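Asks: When you line the sequence shown up against my numbering, it's residues 1034 to 1587, in that order.
In case anyone wonders, no lab produced these hints; they're calculated from the structure.
For clarity, every value in this text was computed on a predicted model and none was experimentally measured.
Only true hints are included.
So the derived label-pair ranges between C-beta atoms look like this: (1) Cys1448 / Gly1225: 44 to 52 angstroms; (2) Leu1565 / Asn1229: 42 to 50 angstroms; (3) Ala1087 / Gln1037: 53 to 61 angstroms.
With a straight-line Cα cutoff of 27 angstroms, these simulated BS3-like cross-link-like pairs (lysine-lysine) come out: (4) Lys1540 / Lys1444; (5) Lys1064 / Lys1080; (6) Lys1553 / Lys1064; (7) Lys1437 / Lys1540.
The beta carbon of each residue, even a glycine, is placed where N, CA and C say it ideally should be.
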Amino acid sequence: MSPQAAGLLQLTALIAALALAYRPLGDYMAKVYSSEKHYAPEKWIYKVIGANPAAEMRWPAYLRAVLAFSAVSVLFLYLLQRIQGSLPGSLGFSSIDPDQAFNTAASFVANTNWQSYYGEQAMGHVVQTGGLAVQNFLSAAVGMAVAVALVRGFARSRTGELGNFWADLVRGTVRILVPISVIGAIVLVACGAIQNFSGIHQVGQFMGGTQEWNGGAVASQEAIKELGTNGGGYFNANSAHPFENPNPLSNLFEIFLILLIPFALTRTFGRMVGSLRQGYAILGAMAVIWIGFTALMMWTEFAHRGPAFEIAGGAMEGKETRFGIAGSSIFAVATTLTSTGAVNSFHSSYTGFGGGITMLGMQLGEIAPGGVGSGLYGMLIMAVIAVFLAGLMVGRTPEYLGKKIGTRQIKLAACYILVTPALVLGFTAVAMALPTPGDSMTNSGAHGFSEILYAYTSGANNNGSAFAGLNADTQWFNTTIGIAMLLGRFVPMVFVLALAGSLAEQKPVPETAGTLRTDKPLYAGLLVGTILIITGLTYFPALALGPLAEGLAS
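Hey, can you work out the whole structure from these sequences and the hints?
Replies: Spelled out as structure tokens, the structure:
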């Protein structure tokens, strides 16, 4: 079987598995967030934190809860890293420096999981499991809670109440993320991923010296890392490391975990708003972009240009032979079109166009299918923009799901889509203008520019992957990327929740013969076009200086 045929078979199997899980998981998540019943473990948690899960919140209260919880999480994780040297199970590692501790705390709480350190050489068992792994669950649950709050905004009327953040947070963690992660960890252990608390030990000779590795609770962290679209690896090589991702089967399973909840949330959306067809329209737009990007990535990486590519069968630099070009390409697209950021190959070594595809996937807003929760609310914001554009073309007041899209709604949606590009392009411009940040670039020219553009694109979009050629462990990059991650995560949530509140207060508008049918393929196509046009107009000049210039020159 040719590598191309094997890649197509992997993609077909992945789509089939996602299709089988779509309906039951989507319906289950809708029941979780609509249920009024509280399980005993959940009641204990509410009692400890002093929350009343039955109290409804308007959007300002919901937002305050999100920000307060996230601020406490950043502080806790920062302090845990700063005292690591005094903790048991630290494996002899010292405490983390202030700038890196801030960057890491911001990264994991913002669901970015950007790492400017070597995981196996910096973090002990307590920080890995009690700090980073815990935030993998909680940051994902926060994103899902905000998405559900927006869905309630569309589903409810004549009320500004969006549910209870604490109930949404706890239910998302206890009923969805934990059970699936347990099953995922068992599968990964069966595939060969490690799960232990062993110390550092010698494993043999390497280039004339002794090679050392430490163990860890890797399989359990790997499961929630992918399921929660987090991405932070236990080891520096991330999902290219055989302890995290041993073989092609585990590789395909990890891709499945990355895409599972973001795609299934479209059915949850359709179920909660009372129209499954609306969920299918959003799913269709997501699927078209994802499949298109995957096909384009596989084409550009398999294309034979020169004798080295001919011998290797494609662009094999930076890719694991146990995954090959197909398994690496599918993984790269999945991880950058979501907010995962895990890597099983190194994006800096992809072809110029291939690296540009990974970058563009993040610049779309990571909405196809996007991160856990953030993908759905990002796509719904784009749906509002698409409805508004359609209304302009036919001269009607735009409506979506029975809600009028007026001045307030479109201003909030516009602010949402402007935040991330402003952060990415602003920080990239400053970094390129100053002399010191440029010293961190391994390469010069278009590829060197792409390293910095990719870093801020990844940070502000809460992805966390890197081009791998940039030395980001400096005070400048630790601080600025940390700021970009926090602003890129929480400022858009302000506009999402404000939009949800304004929609929930509206009186439903009855459907007429002139109402745009947003559950049809025509609208899904308009939505895809809107996404591509907005992203292209925003980022094309920067992409032309980086990956496009490199790709055309090769």
